[in-house]
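Chemist: If you're matching them up, the sequences are chains W and A in order.
The first sequence begins at 1 in my numbering and counts up one residue at a time.
The second sequence begins at 1 in my numbering and counts up one residue at a time.
Calculated from the structure, these hints are not laboratory results.
Glycine is no exception: its CB is placed at the ideal position from the N, C-alpha and C atoms.
Misleading hints may appear alongside valid ones.
Unchecked claim - Here are the in silico distance ranges between beta carbons for each label pair:
1. A/Lys4 - W/Asp216: 31 to 39 Å
2. W/Tyr139 - A/Ser75: 20 to 28 Å
3. W/Gly134 - A/Arg164: 38 to 46 Å
4. A/Gly99 - W/Trp65: 43 to 51 Å
5. A/Asp155 - W/Asp216: 53 to 61 Å
6. W/Thr135 - A/Glu17: 49 to 57 Å
7. A/Glu17 - W/Lys105: 45 to 53 Å
8. W/Gly370 - A/Gly99: 54 to 62 Å
9. W/Asp216 - A/Gly99: 44 to 52 Å
10. W/Gly179 - A/Lys153: 43 to 51 Å
11. W/Leu300 - A/Glu51: 31 to 39 Å
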Amino acid sequence: MDMIKVIINGKEYSVEKGSTVLEAAKAANIDIPTLCYLKDINEIGACRLCLVEVAEMRGPALGPWRMVTACVYPCTEGMQIKTNTPKITASRKMNLELLLSNHDKKCLSCVRSTNCELQTLCREYGVDQSTFTGTTNHYEIDNKTPIIRDNNKCVLCRRCVATCAKVQGIGVIGANNRGFDTFIGSQFEKALAETSCINCGQCIVSCPVGALYERDDTDKVFEAIADPNKHVFICTAPSVRAQIGECFGYEPGTDTEGKMVAALKRLGFDGVYDMNLTADLTIVEEATELIGRVQNNGVLPMITSCSPGWIKFCEHYFPEFTENLSTCKSPQQMFGAVVKTYYAQKMGWDPKDIFFVSAIPCTAKKFEVGRPDQSAAGVPDVDVAITTREVGRMIQKAGINFRALADEKFDDPFDIGSGAGAIFGATGGVMEAALRYAAEIILGKKLEKVDFPEVRGTEGIKTASYKLGDLTVNVAVASSTGKARELLNKVKNGELDVQFIEIMACPGGCVNGGGQPIQPAKVRMSTDLRAVRAAVLYKDDADETLRKSQDNLAVKKLYDEFFGKPNSHKAHEVLHTSYIKRGLYK
Amino acid sequence: MKKKLTTVAFQGTPEQEKQLLAVIAKHKGEKGSMMPIMQEAQDIYGYLPIEVQTIIARETGVSLEEIYGIATFYSQFKLNPDGKYAISVCLGTACYVKGSGDVLDEISKQLNVPIGSTSPDGKFSVEATRCLGACGLAPVMTINGEVYGSLKKEDVKTILAKYR
Numbered sequence: 001m002d003m004i005k006v007i008i009n010g011k012e013y014s015v016e017k018g019s020t021v022l023e024a025a026k027a028a029n030i031d032i033p034t035l036c037y038l039k040d041i042n043e044i045g046a047c048r049l050c051l052v053e054v055a056e057m058r059g060p061a062l063g064p065w066r067m068v069t070a071c072v073y074p075c076t077e078g079m080q081i082k083t084n085t086p087k088i089t090a091s092r093k094m095n096l097e098l099l100l101s102n103h104d105k106k107c108l109s110c111v112r113s114t115n116c117e118l119q120t121l122c123r124e125y126g127v128d129q130s131t132f133t134g135t136t137n138h139y140e141i142d143n144k145t146p147i148i149r150d151n152n153k154c155v156l157c158r159r160c161v162a163t164c165a166k167v168q169g170i171g172v173i174g175a176n177n178r179g180f181d182t183f184i185g186s187q188f189e190k191a192l193a194e195t196s197c198i199n200c201g202q203c204i205v206s207c208p209v210g211a212l213y214e215r216d217d218t219d220k221v222f223e224a225i226a227d228p229n230k231h232v233f234i235c236t237a238p239s240v241r242a243q244i245g246e247c248f249g250y251e252p253g254t255d256t257e258g259k260m261v262a263a264l265k266r267l268g269f270d271g272v273y274d275m276n277l278t279a280d281l282t283i284v285e286e287a288t289e290l291i292g293r294v295q296n297n298g299v300l301p302m303i304t305s306c307s308p309g310w311i312k313f314c315e316h317y318f319p320e321f322t323e324n325l326s327t328c329k330s331p332q333q334m335f336g337a338v339v340k341t342y343y344a345q346k347m348g349w350d351p352k353d354i355f356f357v358s359a360i361p362c363t364a365k366k367f368e369v370g371r372p373d374q375s376a377a378g379v380p381d382v383d384v385a386i387t388t389r390e391v392g393r394m395i396q397k398a399g400i401n402f403r404a405l406a407d408e409k410f411d412d413p414f415d416i417g418s419g420a421g422a423i424f425g426a427t428g429g430v431m432e433a434a435l436r437y438a439a440e441i442i443l444g445k446k447l448e449k450v451d452f453p454e455v456r457g458t459e460g461i462k463t464a465s466y467k468l469g470d471l472t473v474n475v476a477v478a479s480s481t482g483k484a485r486e487l488l489n490k491v492k493n494g495e496l497d498v499q500f501i502e503i504m505a506c507p508g509g510c511v512n513g514g515g516q517p518i519q520p521a522k523v524r525m526s527t528d529l530r531a532v533r534a535a536v537l538y539k540d541d542a543d544e545t546l547r548k549s550q551d552n553l554a555v556k557k558l559y560d561e562f563f564g565k566p567n568s569h570k571a572h573e574v575l576h577t578s579y580i581k582r583g584l585y586k
Numbered sequence: 001m002k003k004k005l006t007t008v009a010f011q012g013t014p015e016q017e018k019q020l021l022a023v024i025a026k027h028k029g030e031k032g033s034m035m036p037i038m039q040e041a042q043d044i045y046g047y048l049p050i051e052v053q054t055i056i057a058r059e060t061g062v063s064l065e066e067i068y069g070i071a072t073f074y075s076q077f078k079l080n081p082d083g084k085y086a087i088s089v090c091l092g093t094a095c096y097v098k099g100s101g102d103v104l105d106e107i108s109k110q111l112n113v114p115i116g117s118t119s120p121d122g123k124f125s126v127e128a129t130r131c132l133g134a135c136g137l138a139p140v141m142t143i144n145g146e147v148y149g150s151l152k153k154e155d156v157k158t159i160l161a162k163y164r
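Work out the full structure, taking the sequences as your base and the hints as a guide.
Modeler: Take a look at the structure:
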């Protein structure tokens with residue numbers, strides 16, 4: 001690795017050649033403020049908050065001091081950098097004031113208050129009002145989808161635009177018009193609901209301010225809890241436990257399952273259940289479907305269907321692949337369906353009196369609950385889906401001291417989940433869980449080694465080939481819809497011959513979902529959230545004695561008492577669904 | 001200025017679409033080809049409505065929003081077709097200080113066509129232009145190239161009557 005010398009604030013450092021000034025400063029433990037910068041995604045020098053003073057060598061002598069944007073300016077040998085002079089401070093202050101001059105400063109109740117990168121900078125630089133007065137822009141709030149856009153708070157950093165186009169390969173939002181009229185929106189002034197947006201919410205977790213947020217459904221949940229005639233249950237997705245701690249000041253990658261369960265019980269739910277259970281149920285159904293397709297010349301490759309962002313992506317952008325999608329509902333929908341059919345019947349309840357909430361790391365799940373063919377008991381399988389952030393807000397609002405709680409366990413009878421179910425939240429996890437099941441069925445004997453490390457890791461596309469007896473199974477895994485597009489194009493062109501594909505819409509899988517706690521660009525610059533958050537789930541799995549979905553006794557009981565066997569007629573009625581060929585711009 | 005969406009029904013012909021597809025094919029694989037494609041598309045259709053931008057998006061694989069973003073960024077791209085009678089009122093400095101803004105507003109009001117757009121029947125388009133170089137006649141406007149000078153707000157009705 002080539003290194004060069006630079007002098008930052010009078011001290012000499014050796015930095016990697018090709019580093020930007022921002023990266024060099026970071027390596028020297030100096031934070032330069034940024035707003036539009038998002039590592040690897042949006043590096044455009046637009047907000048001008050990272051301005052620093054530099055002087056470069058011109059031959060043997062030092063050249064003049066100039067102001068440059070640290071996020072895009074490359075270091076050169078012998079460069080002198082000043083990150084914190086009065087001149088820099090004055091210019092950053094001026095830029096903040098200019099941003100505030102056209103910003104809706106309703107900070108008191110803003111969903112991002114205390115977690116807003118603009119607010120943080122204003123506090124650091126002592127800016128609270130703009131001295132610039134004049135016209136301001138006023139925009140209608142676009143709130144027809146689970147993703148809400150309030151352009152009155154937008155700072156035009158374009159982090160959402162870059163994420164949508166470059167990471168997710170979608171590009172339904174962009175900068176329209178010019179100059180003071182510029183705003184982030186969709187083609188021909190359409191609302192997000194009229195575009196091919198997949199509701200993944202990656203724009204939300206990219207937004208430095210309160211211009212993007214999910215529809216808040218927490219009031220509906222509080223109301224249901226207060227209704228004495230309702231049985232109100234909540235189930236939590238695998239990756240909620242791995243991230244909810246971040247809402248309460250824990251470092252990313254802290255497992256707080258026990259505290260989360262304890263807090264939810266204190267909120268007043270009649271049952272707090274583990275979605276790992278229906279992750280296991282999904283595996284049994286999905287892997288059985290796969291084996292059936294292989295044996296009966298069904299449509300292959302089969303593609304997983306747990307990620308509703310991916311499902312909508314497939315329907316819009318690859319409608320020719322909807323037959324390849326597993327017909328299995330997602331674990332969230334399966335859970336609601338099981339509770340409102342099997343459990344309602346067992347307890348003698350009317351499904352209408354059950355209010356089923358799912359806690360998920362995902363904004364697309366809010367769209368999924370309203371999809372057609374997701375009402376096994378004649379009422380929607382799931383009433384409300386709330387994100388990890390919303391769960392955090394509910395706990396805060398209820399005054400529950402999360403950090404002080406002692407660990408508690410999920411409620412009977414939906415409290416058992418295997419390690420295979422736990423890893424559903426990370427890219428490659430569903431694949432590995434399915435392989436643990438399929439390998440055992442195909443080989444007809446107990447699996448000695450349950451780890452499939454080839455499909456683990458944060459790589460956007462992973463492929464592997466397994467020999468199971470006489471059968472060779474080729475599999476592929478993609479996370480982020482941008483990578484899914486790449487993978488599916490390869491399958492389409494015949495470059496890749498696989499039987500089974502796992503796709504998750506968010507980069508790294510659900511652990512990095514659009515409904516997860518938002519970490520500022522500063523943290524995302526130094527921490528790969530995908531990896532540290534996924535590590536929690538893989539540790540859960542490794543610590544479990546129950547590693548395979550098929551060994552989950554709660555799942556076995558469901559089949560014994562209700563479904564008969566996997567992919568039975570009853571299972572198809574309750575646990576499977578159908579898809580729509582949407583096509584583009586519809 | 002914020003661009004106005006058109007209310008004029010799309011009248012594109014299969015012949016025009018063929019020409020557009022040929023243009024896109026000509027630029028295929030070329031870096032930075034979106035501007036020339038959009039310019040040539042506007043030469044073919046006279047403007048860039050959603051129907052035309054959708055064809056470009058479909059054929060190039062660039063998202064419709066990205067194309068729309070370009071179309072609204074550059075003043076050279078039009079979202080509205082020229083009307084049968086294209087009215088351009090000069091808002092250059094000389095015309096503006098002599099009251100061309102009022103004239104423009106009056107035209108927009110009388111025709112019920114927002115500035116920068118075209119009447120739904122396609123008959124009149126109303127736009128503001130930069131200096132036409134006839135400052136001696138300020139305020140000035142042109143209708144299909146015919147120049148009207150020394151305008152007053154009160155003249156608008158009589159002039160428009162000729163074209164109605």
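Chemist: Work down the list of hints and note, for each, if the structure agrees.
Modeler: These are the hints, each one checked on the structure:
1. A/Lys4 - W/Asp216: 31 to 39 Å: This hint holds: roughly 34 Å between Cβ atoms.
2. W/Tyr139 - A/Ser75: 20 to 28 Å: 22 Å, holds
3. W/Gly134 - A/Arg164: 38 to 46 Å: 40 Å, holds
4. A/Gly99 - W/Trp65: 43 to 51 Å: 50 Å, holds
5. A/Asp155 - W/Asp216: 53 to 61 Å: 56 Å, holds
6. W/Thr135 - A/Glu17: 49 to 57 Å: 42 Å, violated
7. A/Glu17 - W/Lys105: 45 to 53 Å: Because 49 Å falls inside the window, the suggested range holds.
8. W/Gly370 - A/Gly99: 54 to 62 Å: 55 Å, holds
9. W/Asp216 - A/Gly99: 44 to 52 Å: Holds, since W/Asp216 and A/Gly99 (Cβ atoms, about 51 Å apart) stay within the stated range.
10. W/Gly179 - A/Lys153: 43 to 51 Å: At roughly 29 Å between Cβ atoms, A/Lys153 and W/Gly179 fall outside 43 to 51 Å, so the hint is violated.
11. W/Leu300 - A/Glu51: 31 to 39 Å: 38 Å, holds
The structure is inconsistent with the numbered hints 6, 10, although it conforms to all the rest.
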